[in-house]
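Sequences and hints are given; from them, build the entire structure.
Chains A and B, in that order, give the protein sequences.
Residues in the first sequence are numbered consecutively from 1, following our numbering.
Residues in the second sequence are numbered consecutively from 1, following our numbering.
These are computed hints drawn from the structure, not numbers from a lab.
Misleading hints may appear alongside valid ones.
On the chain B side, residues computed to face chain A include the following (Cβ under 7 Å) [to be verified]:
id, residue
1, Pro48
2, Tyr49
3, Ala63
4, Gly119
5, Leu121
6, Ser124
So, partial list: chain B residues that the calculated Cβ filter (under 10 Å) puts toward chain A [unchecked claim]:
id, residue
7, Gly51
8, Val93
9, Trp94
10, Ala96
Everything numeric in this text was worked out from a predicted model, so none of it was measured.
In this text, a Cβ means the ideal position worked out from N, Cα and C, and glycines have one as well.
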Amino acid sequence: MEVVVVALAVLALLALVLTWSAGRLDHLHTRVERMAATLDAELLRRSAATLDLATSGVLDPATSMVLADAAHRARTVGPAQREEAESALTEALLVAFADDAQVDTLDRDAEARTLVAEVATTSRRVQTARRLHNDTVAVTRARRRARFVRAFHLAGRASVPEPAEFDDRVPAAFAR
Amino acid sequence: MGGVQAHIRDFAAELGSRGHETSILAPADDEDDLPAGVVWGGRPISLPYNGSVARLSFGPVTAGRVRRWLGAGDFDLVHVHQPDSPSLSILAVWAAEQPLVGTWHMATDRSRALVGFSGILRPSLEKVAARIAVSEAARTTLVSHLGGDPVLIPNGVHVATYAHAPGWDELRAPGGTVSFLGRLDEPRKGLPVLLAAWPAVLDACPGARLVVAGPGDVDEAASLLADEVRPSVRFLGRVSDEDKARMLASSDVYVGPHTGGESFGIVLVEAMAAGAVVVASDLPAFRDVLAEGTAGRLFPTGDAEALAGVVVGLLADADARRTLRDAARRRVPRYDWSTVTEQVLEVYDLVLGRRVRR
Chain A
1 MEVVVVALAV
11 LALLALVLTW
21 SAGRLDHLHT
31 RVERMAATLD
41 AELLRRSAAT
51 LDLATSGVLD
61 PATSMVLADA
71 AHRARTVGPA
81 QREEAESALT
91 EALLVAFADD
101 AQVDTLDRDA
111 EARTLVAEVA
121 TTSRRVQTAR
131 RLHNDTVAVT
141 RARRRARFVR
151 AFHLAGRASV
161 PEPAEFDDRV
171 PAAFAR
Chain B
1 MGGVQAHIRD
11 FAAELGSRGH
21 ETSILAPADD
31 EDDLPAGVVW
41 GGRPISLPYN
51 GSVARLSFGP
61 VTAGRVRRWL
71 GAGDFDLVHV
81 HQPDSPSLSI
91 LAVWAAEQPL
101 VGTWHMATDR
111 SRALVGFSGI
121 LRPSLEKVAA
131 RIAVSEAART
141 TLVSHLGGDP
151 VLIPNGVHVA
161 TYAHAPGWDE
171 LRAPGGTVSF
181 LGRLDEPRKG
191 LPVLLAAWPA
201 VLDACPGARL
211 VVAGPGDVDE
221 AASLLADEVR
231 PSVRFLGRVS
241 DEDKARMLAS
251 SDVYVGPHTG
261 GESFGIVLVE
271 AMAAGAVVVA
281 SDLPAFRDVL
291 AEGTAGRLFP
301 TGDAEALAGV
311 VVGLLADADA
321 RRTLRDAARR
331 RVPRYDWSTV
341 TEQVLEVYDL
351 VLGRRVRR
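The following block contains the structure:
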């Protein structure tokens, strides 16, 4: 009798721990998805802000062309080339705002100031969003690797989350 | 040096010989790489652009350099080349207060982004008072992108230099000498098409020789040839302007097997001036230079078999070669620098509203 009670107690505890662990992992997966959506939204905002700036006429035409091309590409490529295109946009922004003088000049014009500020804000937010996303991915992947989680297949059919790999540097002039 | 750079250098020399002062602004990786008299416009940046990695000149530092050059120069007129990519040219158009003339060399593939955002370039390009296209192909693209009615003025060649070039006896062969000039590893220059045609030519004309000039990996190019054909092909590597003229003057037939991307074909004119009979792909620009096949022969682009047939026919028929050579000789004066420079100066006159010619 006593043995049965203990066994039932152990099973109940195991069920509780399993449910709790599965729930935790599920939350992590949901969080990864939410962060991925946030990152995607920030990237779209950055490319939109870059396009606005490039087509506004406040920059020289060469810089405008490079930025418009990179931003347009980032918005239109397929998922397989997305990270490469976002890195290219980052690189274009780094060259376009390579020196503070450029930002200072633009700062004197009200329209330009607003447009540049939006690119600066979205560039910074893209960087933060990517880091948060990749951090969540790392935590989730570590959790999935835990022996207990693997033994009971707690991850189920949820796909292994991948970190976002692209250049997220922010031009120094924007880091204010 | 690319074709556009050579064109600008030669045109500046022509202007200088007519008593005009010129200053050239150009990009280069290293300031010391530039020929004397060319002002350094900055280091180009490699960046993905329009679907491939391009060497671009842009950014605030570059724009500043262009502005300083324009400010210090006291120029009457600024002539920009191919101002539709992120380059010193478009920056000069943007910053210049002087009257502007622009030359379009290429039938460019337009940036997909810019098709949707033509507002970026239009205000600048509207400042260009006179637009010149070097070929019908370049003109067609220019019209389709920007509309209007650009002037057609071809690229220039020093006809006399080629017409009087000394021969290169070593290159001559009893069965006839066929030559090619262009980057070996640039597929659009079409060397593989010519090498594919060569065995059939050699079959019909056993004593013939093929001379290939241009930079690139010779071993890689030669690997396209069978061992028994290899001895009939001579690779010269990169050649000087003098050697190029000598090579062309010693060729019975010059082949331009390009498969695309050419909007003029200056080398065909040089070959014609040197007295070689030209056989070229039927690209629009080449049809133009060869007067629809009456000043040289055309073959369907990329068709090695057809190319072999045309070359064999010409090597076997001295009369046909003479007829084509005469027709080419009558054709080339319109490409001579004396003619071309006069035409450009005429455009300058009209833009400035006065006579600049002396």
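We went through each hint and held it up to the structure:
Checking Pro48(B) against chain A: minimum C-beta separation of about 4 Å stays under 7 Å; hint holds. Given hint, Tyr49(B) at the interface with chain A, holds; its Cβ is 6 Å from that chain's nearest Cβ, closer than 7 Å. A distance limit of 7 Å between C-beta atoms decides the matter here; for Ala63(B) the minimum to chain A is near 5 Å, and the interface restraint holds. The beta carbon of Gly119(B) comes within 6 Å of a beta carbon in chain A, closer than 7 Å, and the hint placing it at the interface holds.
Evaluation of the Leu121(B) hint against chain A yields a held restraint, the C-beta minimum of about 6 Å falling below 7 Å. With its C-beta approaching chain A no nearer than about 5 Å, Ser124(B) sits inside the 7 Å limit, and its interface hint holds. Residue-level restraint check for Gly51(B) holds (minimum Cβ-Cβ distance to chain A is 8 Å; threshold 10 Å). Hint on Val93(B) holds. Least Cβ distance to chain A is approximately 7 Å, under the 10 Å limit.
Checking Trp94(B) against chain A: minimum C-beta separation of about 5 Å stays under 10 Å; hint holds. Look at Ala96(B): its Cβ only gets to about 12 Å from chain A, farther than 10 Å, so that hint breaks.
Of the numbered hints stated above, the single one contradicted by the structure is hint 10.
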